[in-house]
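Using the numbering used here, you'd call the opening residue of the sequence shown number 5 and step up by one each time.
Honestly, the hints are just simulated from the structure, not real lab data.
Every residue gets a Cβ at the ideal spot worked out from N, C-alpha and C, and that includes glycine.
It is possible that some hints are incorrect.
What the hints assert, rightly or not - Just the calculated beta-carbon pair ranges, DEER-fashion: (1) 92 <-> 210: 27 to 37 Å; (2) 113 <-> 92: 23 to 33 Å; (3) 227 <-> 24: 47 to 57 Å; (4) 208 <-> 115: 17 to 27 Å; (5) 200 <-> 272: 35 to 45 Å; (6) 44 <-> 17: 20 to 30 Å; (7) 172 <-> 268: 48 to 58 Å; (8) 105 <-> 49: 19 to 29 Å; (9) 30 <-> 274: 40 to 50 Å; (10) 23 <-> 92: 25 to 35 Å; (11) 48 <-> 271: 49 to 59 Å; (12) 17 <-> 105: 55 to 65 Å; (13) 115 <-> 43: 40 to 50 Å.
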Amino acid sequence: IDFFSHLVAPFPYDKLAHLQSSTRFGGMENASAIFYADGGFRRNGTGAGTIAHETAHQWFGDAVTEREWSNLWLSEGFATYFEELWTRHAFGDSAFQREMAGTRAQILRDPVVAARPVIDSAQTDLMKLLDANSYQKGGWTLHMLRSLVGDSAFFRGIRDYYAAHVDGNAMTDDLMAAMERSSGMKLQWFFDQWLRRPGFASIATSWRYDAASRRVVLDVEQGLRFAPYRLTLSMDITDASGAVHRVRVDIAPEHSVHVTLPLELSAAPRAVVFDPDVELLAEFHAR
Numbered sequence: 005i006d007f008f009s010h011l012v013a014p015f016p017y018d019k020l021a022h023l024q025s026s027t028r029f030g031g032m033e034n035a036s037a038i039f040y041a042d043g044g045f046r047r048n049g050t051g052a053g054t055i056a057h058e059t060a061h062q063w064f065g066d067a068v069t070e071r072e073w074s075n076l077w078l079s080e081g082f083a084t085y086f087e088e089l090w091t092r093h094a095f096g097d098s099a100f101q102r103e104m105a106g107t108r109a110q111i112l113r114d115p116v117v118a119a120r121p122v123i124d125s126a127q128t129d130l131m132k133l134l135d136a137n138s139y140q141k142g143g144w145t146l147h148m149l150r151s152l153v154g155d156s157a158f159f160r161g162i163r164d165y166y167a168a169h170v171d172g173n174a175m176t177d178d179l180m181a182a183m184e185r186s187s188g189m190k191l192q193w194f195f196d197q198w199l200r201r202p203g204f205a206s207i208a209t210s211w212r213y214d215a216a217s218r219r220v221v222l223d224v225e226q227g228l229r230f231a232p233y234r235l236t237l238s239m240d241i242t243d244a245s246g247a248v249h250r251v252r253v254d255i256a257p258e259h260s261v262h263v264t265l266p267l268e269l270s271a272a273p274r275a276v277v278f279d280p281d282v283e284l285l286a287e288f289h290a291r
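Sequences and hints are given; from them, build the entire structure.
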């Protein structure tokens, strides 16, 4: 509660109870009184991740509730990502990156993610919205948004969004408007790309060292499974001496892109590692 209160806003209710119950869900985020499934207590208790997830719901899902079911990710994606932020706070960056890599792996193999968008107004069986789109991909969308706009703008936007809609309802466009104000960026393309179309980025990469220009040339191909995405791609480049250089480049939403990296090297690098901080929802293929 202290962590989320600092990150977002003061706790929105007078108290918070945690109850052993017969809910059919692992946890149920009733406002001010979270129910946890009885089975977990009969085995070895309820995990800290579940508690963090349901506690985050007190802000996102309870105090601010999506106006339409198709925007369920404003509850479940938020709780999923804030659970991961709690992991980072409690256990450090390595634990956070392991969990983000784990949720990414879930997304990449989930057939619903490949077939349907996160904002799914066509789905009339509302229980089917409790899926990897609303949870894991919704959380990953927030993760990529934070990487795109930076920590200060991201959390300022989150606080503004919450303050504007506390004890009320909101839609995805409300979050987008808050993020555009906080970052000074136009973000319609980002929200459309990650929330209103199925799938994820599928990237084939290769690189070569151009001795004449003393630079690395990167080749990126997309469209292997889904239409190309607009991306920012991070790389760690280990030079001949063993020093590591972080480089970020923008990738246009085209099937084939060639980029000369803005780093001058005296010799071919020892290694190029893509997405070292686990920031991009993509499957990577080497060419």
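TODO: Could you work out which earlier hints the structure fails to respect and list their numbers in ascending sequence?
DONE: As far as the earlier hints go, 12, 13 are violated by this structure, in ascending order.
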